[in-house]
Amino acid sequence: MTTTTEKGWQQLDKRTIFVAPLTPLLSVVGVVGLIVIVRGWDKVGFWEPAITVGIAVALFVGNAWKWSTTRYRITDTHVELHSGVVTRKHRSVARDRVRAVDMSADIFHRVFGLSVVTIGTGRHVTESEDEVKLESVSTREAESLRLLLMRSDAPIVRDGSITRFDTKWLRYAPLTVLGFVAVVVIIGGITQLGRTIGVKVWETGPVQRIFDWYLTEPLALTITVTAVVVLLLSMLLSVVLYAVIYWGFELTRHGGTLRVQYGLINKRSVSIEERRLRGVRIDEPLLLRSVGGAKVKAVATGLGKRNSKDEKFEAEADLLLPPAPRADVAEVAAEVLKARPAPTDIQLRRHPRAAARRLIMWITLASAVPATVLGTLSAFDLTPDWIWQLLLVLIPLGFLNGLGEYRGLGHALTDEHIVVRWGVTPRTTVAIQRTGIVGWKIRQTIFQRRPRLVTVTATVAAGSGSYSARYAGQDEGLEFAAAAVPGLLAPFLDHEQV
Amino acid sequence: MADVSEAIAHRLQLRMRPPANQVHPRAVLWWAAQSAVFWVVLLVGLGIGQFFADSPLWMVLLLAGLAVVAVADLLIEPRLQYRAHRWEVTEQAVYVQSGVLVREWRIAPLSRVQTVDSERGPLQQSLGLATVTVTTASASGPLKIRGLGKDEAAELVDRLTAITEATPGDAT
Numbered sequence: 000m001t002t003t004t005e006k007g008w009q010q011l012d013k014r015t016i017f018v019a020p021l022t023p024l025l026s027v028v029g030v031v032g033l034i035v036i037v038r039g040w041d042k043v044g045f046w047e048p049a050i051t052v053g054i055a056v057a058l059f060v061g062n063a064w065k066w067s068t069t070r071y072r073i074t075d076t077h078v079e080l081h082s083g084v085v086t087r088k089h090r091s092v093a094r095d096r097v098r099a100v101d102m103s104a105d106i107f108h109r110v111f112g113l114s115v116v117t118i119g120t121g122r123h124v125t126e127s128e129d130e131v132k133l134e135s136v137s138t139r140e141a142e143s144l145r146l147l148l149m150r151s152d153a154p155i156v157r158d159g160s161i162t163r164f165d166t167k168w169l170r171y172a173p174l175t176v177l178g179f180v181a182v183v184v185i186i187g188g189i190t191q192l193g194r195t196i197g198v199k200v201w202e203t204g205p206v207q208r209i210f211d212w213y214l215t216e217p218l219a220l221t222i223t224v225t226a227v228v229v230l231l232l233s234m235l236l237s238v239v240l241y242a243v244i245y246w247g248f249e250l251t252r253h254g255g256t257l258r259v260q261y262g263l264i265n266k267r268s269v270s271i272e273e274r275r276l277r278g279v280r281i282d283e284p285l286l287l288r289s290v291g292g293a294k295v296k297a298v299a300t301g302l303g304k305r306n307s308k309d310e311k312f313e314a315e316a317d318l319l320l321p322p323a324p325r326a327d328v329a330e331v332a333a334e335v336l337k338a339r340p341a342p343t344d345i346q347l348r349r350h351p352r353a354a355a356r357r358l359i360m361w362i363t364l365a366s367a368v369p370a371t372v373l374g375t376l377s378a379f380d381l382t383p384d385w386i387w388q389l390l391l392v393l394i395p396l397g398f399l400n401g402l403g404e405y406r407g408l409g410h411a412l413t414d415e416h417i418v419v420r421w422g423v424t425p426r427t428t429v430a431i432q433r434t435g436i437v438g439w440k441i442r443q444t445i446f447q448r449r450p451r452l453v454t455v456t457a458t459v460a461a462g463s464g465s466y467s468a469r470y471a472g473q474d475e476g477l478e479f480a481a482a483a484v485p486g487l488l489a490p491f492l493d494h495e496q497v
Numbered sequence: 000m001a002d003v004s005e006a007i008a009h010r011l012q013l014r015m016r017p018p019a020n021q022v023h024p025r026a027v028l029w030w031a032a033q034s035a036v037f038w039v040v041l042l043v044g045l046g047i048g049q050f051f052a053d054s055p056l057w058m059v060l061l062l063a064g065l066a067v068v069a070v071a072d073l074l075i076e077p078r079l080q081y082r083a084h085r086w087e088v089t090e091q092a093v094y095v096q097s098g099v100l101v102r103e104w105r106i107a108p109l110s111r112v113q114t115v116d117s118e119r120g121p122l123q124q125s126l127g128l129a130t131v132t133v134t135t136a137s138a139s140g141p142l143k144i145r146g147l148g149k150d151e152a153a154e155l156v157d158r159l160t161a162i163t164e165a166t167p168g169d170a171t
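First to last, the sequence lines map onto chains V and W. Going left to right, the first sequence walks through residues 0 to 497 as numbering that gives the first Met the number 0 numbers them. Going left to right, the second sequence walks through residues 0 to 171 as numbering that gives the first Met the number 0 numbers them.
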């Protein structure tokens with residue numbers, strides 16, 4: 000694949016003309032098929048097949064045209080893409096600003112050995128403006144592009160596989176929300192599809208029978224059965240989805256680049272240059288945490304919130320480890336951060352008790368707002384009483400949430416990293432390289448002044464842009480910030496003898 | 000971390016030192032004018048509504064009360080803002096303090112500053128003021144010094160731009 004370094008413009012893979020329309024075509028065929036099945040063959044006239052064929056032809060012609068007008072080249076300094084059917088577009092990205100090369104391939108692409116390559120600089124400003132998407136090139140070409148663009152002079156540190164998919168991980172799948180989301184999406188999808196083709200799903204026989212059953216059986220039974228069915232269905236679906244999405248997961252390090260690959264049907268491969276890596280983030284949603292599971296994400300410059308439109312279920316570009324056991328999480332964090340024990344695993348400094356009182360008070364007060372508002376309304380006979388009585392449940396939940404928030408808080412400093420933790424679901428622990436901190440933000444509300452609490456925020460040119468130790472004690476928090484980046488905060492501190 | 004913290008603070012209480020410089024005194028007028036626009040629109044709107052709707056006495060009193068609050072706010076709040084908003088530029092960093100109810104101190108090392116701009120809205124122009132915005136590579140928002148005198152602002156922008164241009168790398 001030496002042609003990639005030539006000065007000349009190149010075209011995308013010819014097979015794209017045929018392969019790219021297949022996915023949209025499949026959904027068209029699916030919808031038409033459903034219409035035919037529902038309405039019966041006898042009602043099919045001239046227009047239905049004609050329109051289908053028309054759409055198909057239009058898709059292929061459009062794609063062929065697009066293919067013939069698209070050129071890309073990789074010069075010594077830039078990646079350039081020239082495209083356009085109606086309006087001509089030219090996009091170029093400086094090679095030294097390329098921070099991620101993302102390869103993805105849906106089932107059709109895989110069959111034909113093609114890949115969609117997204118070359119991103121990941122400026123935070125806009126996502127699509129600053130990336131070049133090659134749709135699509137041969138997988139071999141994609142691979143060599145990746146190697147060419149992600150070449151780095153960084154010293155090689157223990158190359159090879161860091162972690163690999165383990166079927167044990169599947170046990171954590173039922174505790175993710177994947178399945179529940181899938182159930183909702185499926186029900187919504189069926190209803191939507193029914194509406195499109197003019198069938199009222201809610202009035203068909205089976206659904207009506209279910210309704211009747213709900214009306215005749217006692218409430219307690221129906222609620223229990225519904226809960227059990229939804230739970231079982233979503234657990235089953237989440238295992239299936241987990242396997243489909245994350246099958247064959249592997250995190251490898253090669254030549255200063257971390258590479259994540261996964262996917263059973265849609266293969267996905269994301270490369271992250273280590274010199275763009277600023278830290279890792281560990282997310283423990285409530286359920287997953289209860290069994291000691293977590294997932295790991297990279298905090299890296301240029302891995303913004305790009306959500307790929309190709310994927311139905313969000314497969315994040317910054318993923319380093321899908322929901323997995325604690326031991327694997329610690330291993331990945333330690334290996335990626337090159338520090339043992341993993342900074343995210345060490346004992347964090349708890350925040351003062353005053354923080355607990357305030358957090359619990361504020362969150363409980365906030366959770367009492369709905370009940371108060373509706374209670375007032377029902378005092379004027381505007382709403383029935385049971386609504387505000389039901390909303391009272393939120394108050395103890397708010398209390399527990401506040402307690403959980405407090406128990407989550409913590410910060411620590413290691414040789415190379417700062418570590419902060421916050422949140423209930425997910426509880427998030429972030430370790431950031433001390434050299435990656437590009438500024439500090441110290442915040443104190445009027446209520447925090449007397450109990451001497453502050454929120455200390457490190458700003459970083461990666462991830463969400465800032466990571467905070469919330470409600471830290473004023474002395475500990477400021478010391479922490481001053482010690483983390485020598486010489487930055489210290490000149491602006493006052494020491495008062497007490 | 001333990002040894003570092005013990006070295007810094009032994010029976011010492013820490014706090015952020017107020018930055019050296021204040022913004023231009025006319026900034027008080029600027030902030031007052033800004034909230035005056037808000038209050039005038041609100042009060043005139045309510046007043047017209049009440050005039051045509053033939054409202055009861057207690058609503059008229061409420062409006063009068065609101066007007067008193069508005070005057071108090073116009074007199075006090077801009078002065079508090081002026082006292083709270085301070086800034087400083089050292090050899091190493093930009094340091095800005097702001098906020099009355101929520102006090103915020105922001106520090107950006109000059110080596111990580113990406114762009115420095117100044118902007119002037121119509122109100123600021125008429126008062127000869129400017130806002131200087133210092134952007135770092137972080138997505139968490141820029142540092143802003145609001146209500147500087149326009150000459151001071153121009154001088155500051157030139158100085159910061161010269162420093163940041165001299166710094167190699169992309170400041171991430």
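There's no promise every hint is true.
[To be verified] Subject to a maximum C-alpha distance of 25 Å in a straight line, what follows is the list of computed SDA-like cross-link-like pairs (lysine to any residue):
id	chain 1	residue 1	chain 2	residue 2
1	W	Lys143	V	Thr444
2	V	Lys296	W	Lys143
3	V	Lys296	W	Arg14
4	W	Lys143	V	Lys132
5	W	Lys143	V	Arg448
6	W	Lys143	V	Gln447
7	V	Lys13	V	Lys167
8	W	Lys143	V	Leu492
9	W	Lys143	V	Thr117
10	V	Lys167	V	Thr117
11	W	Lys143	V	Ser467
12	W	Lys143	V	Gly464
13	V	Lys132	W	Ala138
14	V	Lys296	W	Ser139
[Stated by the list, open to error] Stretches of chain W that chain V covers, calculated by requiring three or more beta carbons in the stretch to come under 8 Å of a beta carbon on chain V:
id	region
15	56-64
16	73-83
Keep in mind that the hints were calculated from the coordinates and are not lab data. Since we're looking at a predicted model, the values are computed, not measured. For every residue, glycine included, the Cβ atom is placed at its ideal position computed from N, Cα and C.
Structure-based check of all given hints:
About 19 Å separates the Cα atoms of Lys143 (chain W) and Thr444 (chain V), which keeps this hinted pair within 25 Å; it holds. About 31 Å separates the Cα atoms of Lys296 (chain V) and Lys143 (chain W), which puts this hinted pair outside 25 Å; it is violated. For a cut-off of 25 Å, the pair hint linking Lys296 (chain V) to Arg14 (chain W) is broken: about 34 Å separates their Cα positions. At most 25 Å may separate the alpha-carbon atoms for a hinted pair to count; Lys143 (chain W) and Lys132 (chain V) exceed this at roughly 36 Å.
Of the pairs offered as hints, the one joining Lys143 (chain W) and Arg448 (chain V) holds, with about 23 Å between alpha carbons and a cut-off of 25 Å not exceeded. With a C-alpha separation of about 23 Å, the suggested pair Lys143 (chain W) and Gln447 (chain V) falls inside the 25 Å cut-off, and the hint holds. Distance restraint check for Lys13 (chain V) and Lys167 (chain V): the Cα-Cα separation of roughly 41 Å exceeds the 25 Å cut-off, and the hinted pair is therefore not satisfied. For a cut-off of 25 Å, the pair hint linking Lys143 (chain W) to Leu492 (chain V) stands: about 21 Å separates their Cα positions.
Restraint check for Lys143 (chain W) and Thr117 (chain V): the C-alpha separation of about 35 Å exceeds 25 Å, so the hint is violated. For the given pair, Lys167 (chain V) sits about 32 Å from Thr117 (chain V) by alpha-carbon distance, which is inconsistent with the 25 Å threshold. Simply put, Lys143 (chain W) and Ser467 (chain V) have alpha-carbon atoms about 20 Å apart, close enough for the 25 Å limit, and the pair holds. Between Lys143 (chain W) and Gly464 (chain V), the direct Cα distance comes to roughly 17 Å. Compliance with the 25 Å bound is thereby established for this hinted pair.
At roughly 24 Å between alpha-carbon atoms, Lys132 (chain V) and Ala138 (chain W) fall within 25 Å of each other, so this suggested pair holds. Proximity of Lys296 (chain V) to Ser139 (chain W) is assessed by CA-CA distance (about 19 Å); at most 25 Å being required, the pair is judged to hold. A count of 0 residues in the region 56-64 of chain W with a Cβ less than 8 Å from any Cβ of chain V is obtained; the coverage claim is therefore unmet, three being the minimum. For the region 73-83 of chain W, the stated coverage by chain V is not satisfied: 0 residues place a CB nearer than 8 Å to a CB of that chain, which falls below the threshold of 3.
The structure does not agree with the numbered hints 2, 3, 4, 7, 9, 10, 15 and 16 stated previously, though it agrees with the rest.
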